[in-house]
Every structure is written in C-alpha cells, then in structure tokens.
Amino acid sequence: MDAILLGRDFTDVGVVEVLTPADDLAIGITRGPHPKRYEYVDPNEDVVAVVREGGVTALVVADGHNGHEGSHALVDGLLDALPDPLPARLDKRPAVIAFHEANEHMRAVRRQLTGPSRGTRSTMVLAIVARGDDGAGTLETAGVGDSAVIVVRDGVATQVTRDRHRFMGDRLSAPEMAGSLDHSVTELVDGDVVVVASDGLTNFTHLDAIGPAVTGLAPEAAVRALVDLAGQGGAGDNIALAVLAHTARGT
1 MDAILLGRDF
11 TDVGVVEVLT
21 PADDLAIGIT
31 RGPHPKRYEY
41 VDPNEDVVAV
51 VREGGVTALV
61 VADGHNGHEG
71 SHALVDGLLD
81 ALPDPLPARL
91 DKRPAVIAFH
101 EANEHMRAVR
111 RQLTGPSRGT
121 RSTMVLAIVA
131 RGDDGAGTLE
141 TAGVGDSAVI
151 VVRDGVATQV
161 TRDRHRFMGD
171 RLSAPEMAGS
181 LDHSVTELVD
191 GDVVVVASDG
201 LTNFTHLDAI
211 GPAVTGLAPE
221 AAVRALVDLA
231 GQGGAGDNIA
241 LAVLAHTARG
251 T
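Residues 1 to 251 in UniProt numbering are what the sequence shown lists, from first letter to last.
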C-alpha cells in the first residue's frame, strides 16, 4: 500500500487534503492555515508519503525551499532507494546510502531547472514503524533538517528527532551525509501515536499541546486537529504530516 501527497497539487490557503490508506493511518497536507509571510518560489513545497508492506510502515515528510521540485524529487528518490521489501530495521548505514541516493536524484533533477528553482533544497525525515504481535514495536527514524518525528504516549508528546539546520540538494559525499543524518530507534508500546511533520506544524505549536490534541482521535481527525492547532499559532507555512496509531491489531 502506497500513498503520497505532493504540495504542487494543493495550493489553496486553508484547505487540508487528507488520505486514510488504513484505519490506523492518515496523511495530510496543506498550503497553510494562513498565507505565507515570507518570500517564496512556490505556494506549497512540502511532500508526505507512506509505504506499507506487511507489518512495516515507512512514513516520509520533506519540506522544500526555493521551489517544490527539490522536495518532490527527493522523496521520489528515497522511495526508489529503500529496500524492497521494507525491512523492520534499516539501521544507520543503509539509511545513509538511501539518503545519499535520494540526494543524487534530487541534484540530477535540479540541474535541469532554470530560474529560482535551480537553487531548490529540502529537509527530509523517514520514520519506519515495525509492529510486534504483542503490541510492542520499533520506530526507527532517519532525517536531515528540522522535519520532526514525535511519539505521543498517554497524552504526552516527545520529539525523538533532533532539529538541525541542514538541507539536502547540494553535493554531499556519503561520509558527509552520514555526518548530517540524524538517526534514532525508539521502542513503541500499544497505544502510542506516531506523528511525522514538517516545521509548518512544529514551528507554530508546542509539544505540550500536541499530545492532548491527538489523544483519543482517529488518525484522520488527528491530522486535522494538528493543522488547526498550528493555525491557532498563526501558521503561515506549508504543513505535511502523517499520523499512525500504533496498536497490536494494526494491519
């Protein structure tokens, strides 16, 4: 099961597009609850995608700058670079290789561009959730930049990724990619909620508000609630996000 939302297709302020590929999963995107208050190239430069195979789910969010082409190519490149079938654990070295290949694909696309988009760059974060039969599971993250992965447990939100001022799109060797890539593994328990989001959410909300906002909601409702929460904070930025409700019964 695959699903993707590309920012270039959703350019109206205040409109939220949500897909629910499964009962335990939703992805959403919006140009933003409010107009951007800064100079930009394209109205919506974010991307969110999901791939699920068996008990393994990969969630990807990218936040483009200076044109949508960069983030869109980056996610396309990463989805092509991920192992098939998806492993329950990717580990850092294979993650570095996949991100490096995605960056090379983005650079190849960028070389064909003209005008302001030729300087397009992007953050990107990958979250891989593997389920166990007993309700336990693992969340592995890999990312470059400030797109975030958050775990909500018992109403309390914890960001498991580090925000770093890094972008993809420029020339990066594999060792340089390894130095730029944040990697983590978190154990999940039954009832956890995983949120993957661009900084259009995290820059306009607080962690202590995210937990209560999603607790008890189905994933689609949680996506909409988080966009509303960012809007209350004045969000004039693109938002791409995914919400996964981790349960032993998830399929």
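Since the hints were derived computationally from the structure, they do not count as laboratory data. Keep in mind that the hints are not guaranteed to be accurate.
Derived DEER-like restraints, expressed as beta-carbon distance ranges [what the hints assert, rightly or not]:
1) D190 <-> D84: 37 to 47 angstroms
2) H206 <-> T114: 37 to 47 angstroms
3) P116 <-> R153: 40 to 50 angstroms
4) G119 <-> G54: 37 to 47 angstroms
Even for Gly, the Cβ is constructed at its ideal location relative to N, Cα and C.
Hints versus structure:
1. D190 <-> D84: 37 to 47 angstroms: At roughly 28 angstroms between Cβ atoms, D84 and D190 fall outside 37 to 47 angstroms, so the hint is violated.
2. H206 <-> T114: 37 to 47 angstroms: The hinted range 37 to 47 angstroms holds for H206 and T114, with Cβ atoms some 41 angstroms apart.
3. P116 <-> R153: 40 to 50 angstroms: holds, 42 angstroms
4. G119 <-> G54: 37 to 47 angstroms: holds, 40 angstroms
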